[in-house]
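J.: Sequences and hints are given; from them, build the entire structure.
Chains as they are written, first to last, in the working numbering: chain A, 1 to 178; chain B, 1 to 178.
Note that these hints are calculated values from the structure, not bench results. One or more of the hints may lead you astray.
What the hints assert, rightly or not - If you want the ones that stay clear, here's a sample from chain B, every Cβ over 12 Å from chain A, calculated:
1. I2
2. V12
3. P21
4. D23
5. S28
6. D33
7. G45
8. P108
9. G110
10. R126
11. T135
12. Q152
13. D165
14. G176
What the hints assert, rightly or not - Here are the in silico distance ranges between beta carbons for each label pair:
15. B:P21 <-> A:Q13: 41 to 47 Å
16. A:G154 <-> B:N30: 29 to 35 Å
17. B:T4 <-> A:P164: 39 to 45 Å
18. B:P69 <-> A:P164: 22 to 28 Å
19. A:P46 <-> B:A13: 54 to 60 Å
20. A:G154 <-> B:I2: 22 to 28 Å
As the list claims (entries may be wrong) - Here are some of the chain A residues that sit facing chain B, going by a computed Cβ distance under 8 Å:
21. P29
22. V104
23. R127
Please read all numbers here as calculations on a predicted model, not as lab measurements. For every residue, glycine included, the Cβ atom is placed at its ideal position computed from N, Cα and C.
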Amino acid sequence: MILTGPEITAAHQDGRLRIDPFEPGQVNPNSYNVRLGPTLLTYTEPVIDAHRPNPTTATRIGPAGYVLRPGELYLGHTLEEVGSDTFVPLLFGRSSVGRLGLFVEITAPIGDIGFHGQWTLMLSPTRPLKVYPGMKIGQIMFFVSVGPVDLYTGKYQAATGPQPSRYWRDQTGTGAVA
Amino acid sequence: MILTAGAIAAAVAAHEIAIDPFDPGRLSTNAYDWRLGETLRTCDGDLDAAAPTPFTETRIPTGGLVLEPSVLYLGVTLERTGSERYAQMLNGDRTTGALGIWVHVSAPLGHAGHAIRWTLEIRAARPVRIYPGMTFGKLVFLQTFGAPASYQQHGLKYTATDGIDISRLYEEIPGGAT
Chain A
1 MILTGPEITA AHQDGRLRID PFEPGQVNPN SYNVRLGPTL LTYTEPVIDA
51 HRPNPTTATR IGPAGYVLRP GELYLGHTLE EVGSDTFVPL LFGRSSVGRL
101 GLFVEITAPI GDIGFHGQWT LMLSPTRPLK VYPGMKIGQI MFFVSVGPVD
151 LYTGKYQAAT GPQPSRYWRD QTGTGAVA
Chain B
1 MILTAGAIAA AVAAHEIAID PFDPGRLSTN AYDWRLGETL RTCDGDLDAA
51 APTPFTETRI PTGGLVLEPS VLYLGVTLER TGSERYAQML NGDRTTGALG
101 IWVHVSAPLG HAGHAIRWTL EIRAARPVRI YPGMTFGKLV FLQTFGAPAS
151 YQQHGLKYTA TDGIDISRLY EEIPGGAT
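T.: Here it is in structure tokens:
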């Protein structure tokens, strides 16, 4: 079951989920709108290597906006820290952002129960698109879970700002350099 | 929890879900198989989240129309769907996916209270010919948890759309077009 807006607000108040900062105006009938943080990361090597840490460079989105280019992958982040020890969070774009051709996540909408932090956004535009810091870019919805819960303690816990892929950390005994 | 075909049919009969036109033959195991409408808007310029999107509108001829990669298309569902009780999620199906077609750009959620022909954000991985009225994806219905809130009472942007809506994000951005 997916939480209604009033239940998201109630769960924020009683601690079943945490959204910081929380703004009642960002609650939708079945989700919460999250805003775009100011920092973008891009990978600097021409080929991203899944088995290695990949160097990145950071860009700050100024108040006049920043143009995202098709063919580039930008790692952004939510301004809000969002998480829950009770519900399963799912992050998607907003329809207003989808209509601008901007992918906000790439094939990974589902979060873990127990993750708390800023969410990394995987921004990939279809057309050149100017974006602005603080714009409401995505929405997080929450699902009721069934079964015992083993809280998330993974490698992105308590993230602040965009997080590059740490797939390389999971390589064990496969000849990868870590 | 997600509704099965039998539960969707029962909810349509009870007027808890509206699908117009409704064809019982389009119910699949746990979804309704929706179709592509005949209008398409092509967005091939540079976009700005703070400004309305320029577009050209065409009708998809019965002989089909070829989608080109790197162009953003806004389409529309043939059906209008809505429910005050259930949240909806619209996606492609495995047949459209295997043609390399995205039917939306990371924004699948329809809030409880939506009563719309959905705007589709279409992107193609390779040139691909599409046809008006073709089966294009699956719409699923989700039970909600908590006190209900209707999209119709939120004063939101796309409450009763009957065609394709360009993004109206510019209304939210300070200094954006009004």
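J.: Determine for every hint whether it applies to the structure shown.
T.: These are the hints, each one checked on the structure:
1. I2: Non-interface label fails for B:I2: nearest chain A Cβ at 9 Å, not farther than 12 Å.
2. V12: 20 Å, holds
3. P21: Per Cβ check, B:P21 is outside 12 Å of chain A; nearest 23 Å; holds.
4. D23: 25 Å, holds
5. S28: 21 Å, holds
6. D33: 21 Å, holds
7. G45: 7 Å, violated
8. P108: 6 Å, violated
9. G110: 9 Å, violated
10. R126: Since the minimum Cβ distance to chain A is about 14 Å, B:R126 lies beyond 12 Å and the statement holds.
11. T135: Non-interface label stands for B:T135: nearest chain A Cβ at 21 Å, farther than 12 Å.
12. Q152: Given that some Cβ of chain A is not farther than 12 Å from that of B:Q152, nearest at about 9 Å, it is violated.
13. D165: B:D165 not clear of chain A: closest Cβ-Cβ about 7 Å, inside 12 Å.
14. G176: 8 Å, violated
15. B:P21 <-> A:Q13: 41 to 47 Å: Since B:P21 and A:Q13 have Cβ atoms about 43 Å apart, the given range 41 to 47 Å holds.
16. A:G154 <-> B:N30: 29 to 35 Å: 30 Å, holds
17. B:T4 <-> A:P164: 39 to 45 Å: Holds - the Cβ-Cβ distance for B:T4 and A:P164, about 41 Å, lies within 39 to 45 Å.
18. B:P69 <-> A:P164: 22 to 28 Å: Between B:P69 and A:P164, where Cβ atoms are some 26 Å apart, the hint holds.
19. A:P46 <-> B:A13: 54 to 60 Å: 57 Å, holds
20. A:G154 <-> B:I2: 22 to 28 Å: Given range 22 to 28 Å: holds, Cβ gap about 27 Å.
21. P29: Constraint on A:P29 satisfied, holds at 4 Å.
22. V104: 5 Å, holds
23. R127: At 5 Å from the nearest chain B Cβ, A:R127 passes the 8 Å test, so the hint holds.
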